[in-house]
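Engineer: Below, each chain spelled out in residue letters.
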Amino acid sequence: MNKHELNEKIFDQLLKYAAEEKMDSMANDFPSDDELERAISFTPDFQKRMNAFLKKMKNKERFLSFRKKTMKAGIIAAASSMICFSVVSNVDALRVPFLNFLNDINKQSTTIRVNEGDGLYGSFGDKIKGLYLPSYIPELYKVKSINKADNNYIVTYVNSDGEIIKLRSLIGESTLGVDTENAEIMQLTVNGNMAQFYSKNEQNSLIFEYDNNAFILDGLMPKDELIKIAESMEYIT
Amino acid sequence: MGYIFNNRPSIKKHEILEQLYYKYNRLMYHIALQILGDQFLAEDAIQTAFLKLEKNKFKIDSISCNKTKSFMVIITRNIAFGMYNARKKEAITYDCDELEEIPDDKMLPLDVVVSNESILDIQDALSSLNSKYSDILLMKYFSDYTNAEIASLFNISEELVRVRLYRAKKLLMKKLNEGKTSDE
Chain S
1 MNKHELNEKI FDQLLKYAAE EKMDSMANDF PSDDELERAI SFTPDFQKRM NAFLKKMKNK
61 ERFLSFRKKT MKAGIIAAAS SMICFSVVSN VDALRVPFLN FLNDINKQST TIRVNEGDGL
121 YGSFGDKIKG LYLPSYIPEL YKVKSINKAD NNYIVTYVNS DGEIIKLRSL IGESTLGVDT
181 ENAEIMQLTV NGNMAQFYSK NEQNSLIFEY DNNAFILDGL MPKDELIKIA ESMEYIT
Chain X
1 MGYIFNNRPS IKKHEILEQL YYKYNRLMYH IALQILGDQF LAEDAIQTAF LKLEKNKFKI
61 DSISCNKTKS FMVIITRNIA FGMYNARKKE AITYDCDELE EIPDDKMLPL DVVVSNESIL
121 DIQDALSSLN SKYSDILLMK YFSDYTNAEI ASLFNISEEL VRVRLYRAKK LLMKKLNEGK
181 TSDE
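Sequences listed follow chains S and X, in order.
Under this note's numbering, think of the first position of the first sequence as 1, with each following residue one higher.
Under this note's numbering, think of the first position of the second sequence as 1, with each following residue one higher.
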């Protein structure tokens, strides 16, 4: 490096420092928020336009986030092989990631169980704080267990006939591979966001979004019931 | 493209943009109106600025700080200038100022800095430049934007960014050499 190049590099560094100082100091040349608040009002059309723009931007980002999460989840699900441990998929390759997930749960999980006769979440107290859970569950179903691992959890609901509904969260960097073979797939809107419904061998599954997080819900019940559960999601404080 | 919000990397981009909008919309309007002289065009400039921010990477430390305020002003100002030029049907590139011949300085940059013994001289020289030059230097040297990123944010060609950067540094050196910081 010759002297000129070296000087150029040093000058660039000094300029960088000066630019930072300048960015800080030039803000003092502009009118204050109070002055601007008094002096400026926007046209109604502009306010409407910007509100629509901001909303669109939000929806776009939520859609992209949802798509990313569902892609991580393998997108297409067959309900039985996803949540119910007893059902065997015939697509071994796709089962592997899910089984890995289960292994993970077994190693790191905390299972919370409730006694027969408890209310929906009444006996859990503080243990369910910070979770997203449905406030609606079909009649005769009760919470059987909540299995937590890191940020994610599986909630199992069961009725007197032993039929199960499972809610699985996909928060953060969760991944889930699922059996896609011969599943009936349908695009829906749940909670104002895109959702996907899968049906296979009478098991139905719904992948949906709530508050920027993805969830998978499945059970032996009609699509409308799954949607009703998904639409009753709320954050437990 | 993404964005960088240094203090809270997990916050969503639309939330940042929404907060920036409500914090700076009037200041942006004030800046755009000074240039465009038309309320509706000034409003359009604000929307265009947010469209650009949505599509491009940007770096801020917090919503309410001087640097972010300056950043929003620079973006708005350059978009408004672009709109103004477009309305006047002027060529986007190489206006008279851009074509002005600036002689090569014999003194090397470091010599100038050392002789002035203060970085404040660079700041003063920056302040004395036409905003189209100082803004581009600030974006390049403060925010570390590439020419392509600046071109996208300012709605100008990459070639014009390159030319302006070159000439901005030349003008800066000229002012440092002359020891004066007033515009022409």
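Everything labelled a hint here was simulated from the structure, so no lab data went into it.
We put the beta carbon where it would ideally sit given N, CA and C, even for glycine.
Warning: the hint list may mix true and false statements.
Just a few of them, taken from the derived set where beta-carbon distance is under 8 angstroms, the chain S residues facing chain X [what the hints assert, rightly or not]:
#1 N2
#2 K16
#3 D34
#4 L36
#5 L170
#6 D224
Engineer: Look at each hint and say if it fits the structure.
Structural biologist: Now the hints, each set against the structure:
1. N2: Not OK, violated: N2 (chain S) not within 8 angstroms of chain X, min 11 angstroms.
2. K16: 5 angstroms, holds
3. D34: Given a least distance of 10 angstroms, the restraint on D34 (chain S) is violated.
4. L36: Holds. Min distance 4 angstroms.
5. L170: 17 angstroms, violated
6. D224: This hint is violated: D224 (chain S) lies away from chain X, its Cβ roughly 31 angstroms from the closest one there, beyond 8 angstroms.
Hint compliance for this structure: hints 1, 3, 5, 6 are broken, all remaining hints hold.
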